[in-house]
Amino acid sequence: MALNILVLGVGNVLLADEGAGVRAVEQLQHRYVFPPQVELIDGGTMGLDLLGYLDDKSHLFILDAILSTEPPGSVVIKKLLDPPAYFRQKISPHQIGISELLAVAAMQDCLPPSITLFGIVPLDLSTGIEMSSEVNSAVAGVVSAVVKELGLLGVEVASAIR
Amino acid sequence: MAKRIVVDPITRIEGHLRIDCEIDNGRVTKAWSSGQMWRGIELILQGRDPREAWLFTQRICGVCTTVHAIASVRAVENALSLEVPLNAQYIRNMIIGAHGIFDHIVHFYHLSALDWVDIVSSLKGSPKGAAALGQQLSPWPRNSEQEIRAVQEKLKSFVGTGQLGIFASGYWGHPAMKLSPDVNLLAATHYFQALEYQRKINKVVAILGSKTPHIQNLAVGGVANPINPDSQSTLTIERLFYIKTLIDEIGDFIKNVYMVDVAAIGAFYAEWTQYGAGVTNYLSVPDMPLDTKGTAFDLPGGYIGDGKVGSFKPITGFNDDFFKQGVKEGIKHSWYKGDWDRHPWEEDTVPQHTDFQDNGKYSWVKSPTFNGKPAQVGPLANVLCMYAAGHAPTKTYTDILLATVSKLAGAKVGIAALHSTIGRHAARAVRCAVLHDSLLGQWQSLMDNIGRGDYATFNAPVFPKGEQRGVGFHEAPRGVLSHWVVIQDGKIKNYQCVVPSTWNAGPRNNKDEPGPYEASLLGNPVADPEKPLEVLRTVHSFDPCLACAIHLLDPESREIVTVRTMV
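Residue numbers (the working numbering), protein chains in the order written: chain A, 1 to 162; chain U, 1 to 567.
Wrong hints could be hidden among the right ones.
[Stated by the list, open to error] Quick list of the computed label-pair ranges, beta carbon to beta carbon:
hint, chain 1, residue 1, chain 2, residue 2, range
1, A, Gly-52, U, Gly-372, 42 to 50 Å
2, U, Glu-52, A, Gly-154, 37 to 45 Å
3, A, Leu-80, U, Gly-466, 52 to 60 Å
4, U, Ala-296, A, Gly-52, 32 to 40 Å
5, A, Val-33, U, Lys-154, 39 to 47 Å
6, U, Gln-444, A, Gln-29, 35 to 43 Å
7, U, Gln-488, A, Leu-3, 52 to 60 Å
8, U, Gly-305, A, Gln-37, 57 to 65 Å
[As the list claims (entries may be wrong)] If you want the footprint, here are the derived chain A segments under chain U, 3+ residues with CB under 8 Å:
hint, segment
9, 9-15
10, 45-51
11, 122-133
[Stated by the list, open to error] No farther apart than 30 Å at their CA atoms in a straight line, the calculated lysine-lysine pairs in the DSSO-like style are these:
hint, chain 1, residue 1, chain 2, residue 2
12, A, Lys-79, U, Lys-154
13, U, Lys-407, U, Lys-395
14, A, Lys-79, U, Lys-156
15, U, Lys-154, A, Lys-78
16, U, Lys-337, U, Lys-324
17, U, Lys-313, U, Lys-511
18, U, Lys-293, U, Lys-203
19, U, Lys-361, U, Lys-337
20, U, Lys-332, U, Lys-373
Just so you know, the hints here were simulated from the structure itself, not pulled from any lab data. Glycine included, every Cβ here is placed at the ideal spot set by N, Cα and C.
For reference, chain A alone in the conformation it holds in the complex (with noise of 0.2 Å):
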């Protein structure tokens, strides 16, 4: 499979921490400059809207914010080796979130093959645009993490100029 790569950034932007995957990928938009084989999308709290992106996909990188019982402003990164867990009792379109997503793919067949989650551990997940300062540092981090990882792989990126 050639290689193709998706670099998703999710979250709700309106709820401070929440929206550090989303920040990342702008950040990542707006540093460097990227191959046709890497494509970058502000999946915002999308589910099922992103399945369409996934297709032909040899590698994809979630950016999120995560659960998790490490410090807020930590970096995780995790291949995700099965796809997490499904859609347990569901209430609502809404509730189908990322996990859903990688099942759906899984079900028809267009799941990439390689999925590594680069999760932030938020601190603030009140209403408002601005992310902690802890936070903004996470991201930053992701940004380079992501950067290493594309190297890794063998893609180069380009510094943006501006």
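Got chain A sorted already, so can you dock chain U onto it with the hints?
Chain U only, in chain A's frame:
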């Protein structure tokens, strides 16, 4: 003795919608609906440029991004009395139609069908029997024994790995599950097919909305899609014809599968036409504007009081005072400071959280009223109002659906059956078919208008000094959505979103009358309080929309719903 159960979806951070029921002798005798999350998005908008409000409001929700974007630009346009070019109306209308179809299909198949369809039972079904049944019900070519067998194999492989995957949490084998294994298998097959078709219709939104998950093409005053029949970088005739292909494919699925499945479930669960009516004051708004001023619409809307379809009063345009003056929100039972009943332009948003007080404050959701009364919104309200208004496609599809139910049930089922839990699902399917016809009509109107050489898509807004007030309403998939804006010297002074689930999930109002969820649960049977499938059936039938603002990923598997039983 009465037992109390609490159904509390534990989402990633905190519960969002919590339902408390008192159950006596196997029936719900009291119910409370509580929104468990503080939103307060309106506060972010104060002081901002009204032209960018829609970019923020479309982030409120994970599925309803487009609807909040559209209501927001309409509110600002209404405040400025700004006309919208015809092409922009048609393009917006196509986004509205495609998004609504996507949402209705996903809600029925992927979020609520499994309240009625037992996936584990479908493994015992016979592909041959399911195919025969399917072919008897509709001409859908994909009801073949071969395709049904393949789905069953796929399902078996999920179970074979020791987990049911996405089907892990259903109430399989529950005594309230009544479909035969063959019917369950046919429905499971359509569940998988629906996954394909929701993708197709979502593509229409993506193409028109400029190919990102959040539409980027709206603007106060129109849309940002340049139309040039010859240029590759704009909305071309080629792209418009591709959209037409997608619309045609989804139409077959809606009419030959979705409508039929809902009719079948309605017929097999006929007793569910007796439960879940609740509040029968119905409010809907007209949508799919056909002129630049918002005075003519493809889909009518209005108000029906006390379930009397003959009492229908239409809402005629974006400036209709009947709607503008009728809406109020109260906070007697909501976690906000004070106890008032105010028009959205006059509201403030000052949180005051207490514990859960059965007779006091118990929800973050406010209590909207229309002319002083609670009102149900959503596809059922919309379909009843369109039916009452004499809208021909609505009448046609309602009659087709009821005829199929009657045939399957072996008894005449009339429109009165729609005031119920199962009726809300039926109405959603009818609305989906109506939206599809309207979507085709909008496509044709856009092509015709471009053919006449009109490429205009945008009128620039001008913000005068002083104060302007506006309302933007939209008949969203879950019902009436309205955004209310007060603009002062070109900046937002006040902003309120009155969303469909506020109407339906609201707590008791200032007169202590229950909201639609609460009222609809009264009298519902509950066979097993530990597994309150019947409560979920009724709440799901509204297509609830409270969990939209949170999206934290939990890498570990956790249960989403807890059910607590208290004596």
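Checked hints:
1. Distance hint check: the CB atoms of A/Gly-52 and U/Gly-372 are about 46 Å apart, consistent with the given range 42 to 50 Å.
2. Separated by about 40 Å at the C-beta atoms, U/Glu-52 and A/Gly-154 satisfy the suggested range of 37 to 45 Å.
3. Judged by the Cβ atoms, the range 52 to 60 Å given for A/Leu-80 and U/Gly-466 holds: they are separated by roughly 55 Å.
4. Separated by about 35 Å at the C-beta atoms, U/Ala-296 and A/Gly-52 satisfy the suggested range of 32 to 40 Å.
5. For A/Val-33 paired with U/Lys-154, a C-beta distance near 42 Å keeps the hint of 39 to 47 Å intact.
6. Taking 35 to 43 Å as the suggested C-beta distance range, the pair U/Gln-444 and A/Gln-29 conforms, at roughly 38 Å.
7. Look at U/Gln-488 against A/Leu-3: about 53 Å separates their beta carbons, and that is inside 52 to 60 Å.
8. A beta carbon spacing of about 60 Å between U/Gly-305 and A/Gln-37 agrees with the range 57 to 65 Å that was offered as a hint.
9. For the segment 9-15 of chain A, the stated coverage by chain U is satisfied: 6 residues place a CB nearer than 8 Å to a CB of that chain, which reaches the threshold of 3.
10. Note: the segment 45-51 of chain A has 7 residues with beta-carbon separation from chain U under 8 Å; the three-residue rule is met and the coverage holds.
11. For a cut-off of 8 Å, the count of residues in the segment 122-133 of chain A with a CB near a CB of chain U stands at 5, and the three-residue condition holds.
12. Pair hint A/Lys-79 plus U/Lys-154 holds up; C-alpha atoms about 26 Å apart against a cutoff of 30 Å.
13. The hinted pair formed by U/Lys-407 and U/Lys-395 meets the criterion: a straight-line CA distance of about 18 Å does not exceed 30 Å.
14. Among the hinted pairs, A/Lys-79 with U/Lys-156 is consistent with the structure: their alpha-carbon atoms are about 27 Å apart, no more than 30 Å.
15. Taken as a hint, the U/Lys-154 and A/Lys-78 pair is honoured in the structure, with Cα atoms around 29 Å apart against an allowance of 30 Å.
16. Restraint check for U/Lys-337 and U/Lys-324: the C-alpha separation of about 25 Å stays at or below 30 Å, so the hint holds.
17. Between the alpha carbons of U/Lys-313 and U/Lys-511 the distance comes to roughly 24 Å, so the proposed pair stays at or under 30 Å and holds.
18. Distance restraint check for U/Lys-293 and U/Lys-203: the Cα-Cα separation of roughly 29 Å lies within the 30 Å cut-off, and the hinted pair is therefore satisfied.
19. Of the pairs offered as hints, the one joining U/Lys-361 and U/Lys-337 holds, with about 10 Å between alpha carbons and a cut-off of 30 Å not exceeded.
20. For the hint pairing U/Lys-332 with U/Lys-373, the CA-to-CA distance comes to about 15 Å; that is within 30 Å, so the pair holds.
Checked against the numbered hints above, the structure violates none of them.
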